[in-house]
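Generate the whole structure from the sequences, applying the supplied hints.
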Amino acid sequence: MRTPRNIIAYLQAAPLMAVLLTFLIAPILMIIVVSFWGATEFSIYPAFQFDNYAFLFGSPVTYKVFFATFKYALITWVFTLSIGFTVAYFLAFHVRTQVMQTALFLLCTIPFLTSNIIRMISWIPFLGRNGIANQTLISWGVIDEPLEWLLYSDFSVILAFVHLYTLFMVVPIFNTMMRIDRSLIEAAYDNGASGLQTLWHVIVPLTKPGIMIGTIFVVTLVMGDFITVRFMSGSQKANVGRLISNDISLLQYPSAAATAVVLLCTVLLVIGILLRFVNIRKEL
Amino acid sequence: MSKMRYSRRTLLKTGAAAAASTLAAPMVWAQEIKDIKLRQFGTGVSNLNDVATKVKEDLGFTLEMTALDSDSVTQRAATQPDSFDIADIEYWICKKVWPTGNLQAMDASKIANYDKIAGTFRSGKLTPESVIAQGTAPHTVGFVEGPGSTKFATDESGWMTLIPTIYNADTLGIRPDLINRPIDSWAELLNPEFKGKASILDISSIGIMDMAMVCEAMGEIQYGDKGNMTKEEIDKTFAIFTAAKQNGQFRAFWKSFDESVNLMASGEVVIQSMWSPAITAVKSRGVPCVYQPLKEGYRSWGGGLGLSASLSGIELEAAYEYINWYLSGWVGGYLMRQGYYSAVPETSKNFMTENEWGYWYEGKAATDIITSPTGDQLAVAGDVRDGGSFTDRMGAVACWNSVMDENQYMVRKWNEFIAA
Numbered sequence: 366m367r368t369p370r371n372i373i374a375y376l377q378a379a380p381l382m383a384v385l386l387t388f389l390i391a392p393i394l395m396i397i398v399v400s401f402w403g404a405t406e407f408s409i410y411p412a413f414q415f416d417n418y419a420f421l422f423g424s425p426v427t428y429k430v431f432f433a434t435f436k437y438a439l440i441t442w443v444f445t446l447s448i449g450f451t452v453a454y455f456l457a458f459h460v461r462t463q464v465m466q467t468a469l470f471l472l473c474t475i476p477f478l479t480s481n482i483i484r485m486i487s488w489i490p491f492l493g494r495n496g497i498a499n500q501t502l503i504s505w506g507v508i509d510e511p512l513e514w515l516l517y518s519d520f521s522v523i524l525a526f527v528h529l530y531t532l533f534m535v536v537p538i539f540n541t542m543m544r545i546d547r548s549l550i551e552a553a554y555d556n557g558a559s560g561l562q563t564l565w566h567v568i569v570p571l572t573k574p575g576i577m578i579g580t581i582f583v584v585t586l587v588m589g590d591f592i593t594v595r596f597m598s599g600s601q602k603a604n605v606g607r608l609i610s611n612d613i614s615l616l617q618y619p620s621a622a623a624t625a626v627v628l629l630c631t632v633l634l635v636i637g638i639l640l641r642f643v644n645i646r647k648e649l
Numbered sequence: 005m006s007k008m009r010y011s012r013r014t015l016l017k018t019g020a021a022a023a024a025s026t027l028a029a030p031m032v033w034a035q036e037i038k039d040i041k042l043r044q045f046g047t048g049v050s051n052l053n054d055v056a057t058k059v060k061e062d063l064g065f066t067l068e069m070t071a072l073d074s075d076s077v078t079q080r081a082a083t084q085p086d087s088f089d090i091a092d093i094e095y096w097i098c099k100k101v102w103p104t105g106n107l108q109a110m111d112a113s114k115i116a117n118y119d120k121i122a123g124t125f126r127s128g129k130l131t132p133e134s135v136i137a138q139g140t141a142p143h144t145v146g147f148v149e150g151p152g153s154t155k156f157a158t159d160e161s162g163w164m165t166l167i168p169t170i171y172n173a174d175t176l177g178i179r180p181d182l183i184n185r186p187i188d189s190w191a192e193l194l195n196p197e198f199k200g201k202a203s204i205l206d207i208s209s210i211g212i213m214d215m216a217m218v219c220e221a222m223g224e225i226q227y228g229d230k231g232n233m234t235k236e237e238i239d240k241t242f243a244i245f246t247a248a249k250q251n252g253q254f255r256a257f258w259k260s261f262d263e264s265v266n267l268m269a270s271g272e273v274v275i276q277s278m279w280s281p282a283i284t285a286v287k288s289r290g291v292p293c294v295y296q297p298l299k300e301g302y303r304s305w306g307g308g309l310g311l312s313a314s315l316s317g318i319e320l321e322a323a324y325e326y327i328n329w330y331l332s333g334w335v336g337g338y339l340m341r342q343g344y345y346s347a348v349p350e351t352s353k354n355f356m357t358e359n360e361w362g363y364w365y366e367g368k369a370a371t372d373i374i375t376s377p378t379g380d381q382l383a384v385a386g387d388v389r390d391g392g393s394f395t396d397r398m399g400a401v402a403c404w405n406s407v408m409d410e411n412q413y414m415v416r417k418w419n420e421f422i423a424a
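Residue numbers (this note's numbering), protein chains in the order written: chain A, 366 to 649; chain B, 5 to 424.
It is worth saying that the hints were derived from the structure and are not from the lab. Check before you lean on any hint, since a few could be wrong.
As the list claims (entries may be wrong) - Below, computed lysine-lysine pairings styled on DSS-like, alpha-carbon distance capped at 30 Å: (1) B/Lys-259 / A/Lys-429; (2) B/Lys-120 / B/Lys-368; (3) A/Lys-429 / B/Lys-249; (4) B/Lys-120 / B/Lys-60; (5) A/Lys-429 / B/Lys-235; (6) B/Lys-353 / B/Lys-368; (7) B/Lys-99 / B/Lys-129; (8) B/Lys-129 / B/Lys-299; (9) B/Lys-259 / A/Lys-436; (10) A/Lys-429 / B/Lys-240.
What the hints assert, rightly or not - To give an idea of the interface, some chain A residues facing chain B are shown, with a C-beta separation under 7 Å as derived from the structure: (11) Lys-429; (12) Pro-511; (13) Glu-513; (14) Ser-600; (15) Ser-614; (16) Leu-615.
To be verified - Distance ranges between label pairs, derived from CB positions: (17) A/Ile-503 / B/Lys-299: 52 to 60 Å; (18) B/Thr-83 / A/Ile-440: 40 to 48 Å; (19) B/Ser-87 / A/Arg-646: 46 to 54 Å; (20) B/Asn-195 / A/Ile-482: 46 to 54 Å.
Ideal Cβ positions, reconstructed from N, Cα and C, are used throughout, including at glycine.
This is how it looks when you write it as structure tokens:
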């Protein structure tokens, strides 16, 4: 009697399995394999050598670039979390009617109707030396000279990241906040907790899964990005994604694959650590 | 009908031998010519749809064009010989790709205007007094010893690797209205006066050459051959530029044509490496921009058409037909109006007005409005082309785009420079 049931279960899981095997596992395995290959100027050849990794770990640039990648991820995380949490809190607890909640939530998603890249590039004329921001500040008399660091700097890169990815924080946090049983908050107040105490001891712990999901989104997106860094820093700054894209454009696929493998491991490690703090599945 | 007759007659003239051996009746040519499709791929500069349209009109067959970036072009030419019939590649790419045997040598005797091809591509000397520039000069990879040979010939062997199509001399672009003083040296790119207002292109193979021109002009480094640097020379060059980068000399680096135009037009940058059509694009927005000739000379590049090794029979004849047509003047005139040069400048003259020829080729003051092939106004009466005449510009080439023996080392250093 047990065998048929097993078969049915396997069959039910098979389509998803097939999709994941073909489009996720196989490409990753391919990348791992190629990372051990060798390359000439215009071709790659199968081999099993550690040259790519040896060069990667032997170069000070790698460490610098990984450090920059973490720096971007951390700063972006801090800003997206504080903005995302505040917006979600407002939507979940201060907006009373559900219609209004839905309407305001949709409002948050409106910028996402245009492409990622367009939203990013539109910052460039705004922040430029003769851009709107500088002209406005000068006309107000706040500054005499245009601020150079507004564009093509870490500032502009992080600004773009925060702008692009805050919604990924808002959505999961808002979602978990909506599930919080309102009677818990009333109970906290009845027991004499202040607003801040309720926030810190009741709402934040119960929102942790949402925060964690948002964090995973933001961290993986920022760590895997290359185009935002390239455009917003005017190619002046580098992160790991740019290292990989440079290698690819120069046909150094094995070297790019090795960097990709190291990046993948790093990101998985970060997510692994994050998941130690919160059991997402239990909370969902 | 007249089109068909034209095709048959000319094809018979050029390809009689091949036709006789492979085809029963010459009439077949006229009917089949319409069905011929040649697949050409190359970089965006010369893959012009207008050319394909004109080919259909003049020659009757179909030319299918694919535009790729130069790295993809190299890879495709080297690894997928059956995916194309005609490769439109740069000379330095030819140096990399020819040894793979994916291209076949062309018989110079079948090229009608061979004798009129500019000296740069044959003897290497534009004029008898010319000095051959450093780097991958086109004539050094322009000929092989014979059909099937993978060895480059040192003289005009009669077997060509590429038929030159487009070439030009590159220099720095400047905003004269924001600089307000004459600029005459590559060294100005790193002048502290332009701190935070300079830019260089983020394409390693070309960027390194611009860097070398700057370092040499500053008197910091004396290169044996800028087109083939030693590791030590590469290190020194990057040391100078990394220091400048950390001092905030550069506003940004650019990778695409549009980026270079925007940087210049918005005033973010006042001096940078630039390409000729980008200058035109800035000017067409009403912003003054000069392609500044510099005393150290130009960094030059050139491209050409190569034939796939698998091309044979009627398609091969059609390809020769296409190349002869390419050199016969219409394309040359079209390219010259974009600010490039054609391999056989003389034939273009018939397809240009006297005013255009004087402005673009002879370096004379325009007598009337100068427009681009697409109709944008580029200059008014009295304007003179930056850098002057053909011989003034192409005669002052200091270095050709090239590929170095230490290319992989240089690329890694370039990555470090970007991350620095």
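Hint check results:
no.	hint	in the structure
1	B/Lys-259 / A/Lys-429	holds (23 Å)
2	B/Lys-120 / B/Lys-368	holds (23 Å)
3	A/Lys-429 / B/Lys-249	holds (16 Å)
4	B/Lys-120 / B/Lys-60	holds (25 Å)
5	A/Lys-429 / B/Lys-235	holds (23 Å)
6	B/Lys-353 / B/Lys-368	holds (15 Å)
7	B/Lys-99 / B/Lys-129	holds (19 Å)
8	B/Lys-129 / B/Lys-299	holds (20 Å)
9	B/Lys-259 / A/Lys-436	holds (25 Å)
10	A/Lys-429 / B/Lys-240	holds (21 Å)
11	Lys-429	holds (6 Å)
12	Pro-511	violated (10 Å)
13	Glu-513	holds (6 Å)
14	Ser-600	holds (4 Å)
15	Ser-614	holds (5 Å)
16	Leu-615	holds (5 Å)
17	A/Ile-503 / B/Lys-299: 52 to 60 Å	violated (38 Å)
18	B/Thr-83 / A/Ile-440: 40 to 48 Å	holds (42 Å)
19	B/Ser-87 / A/Arg-646: 46 to 54 Å	holds (49 Å)
20	B/Asn-195 / A/Ile-482: 46 to 54 Å	violated (34 Å)
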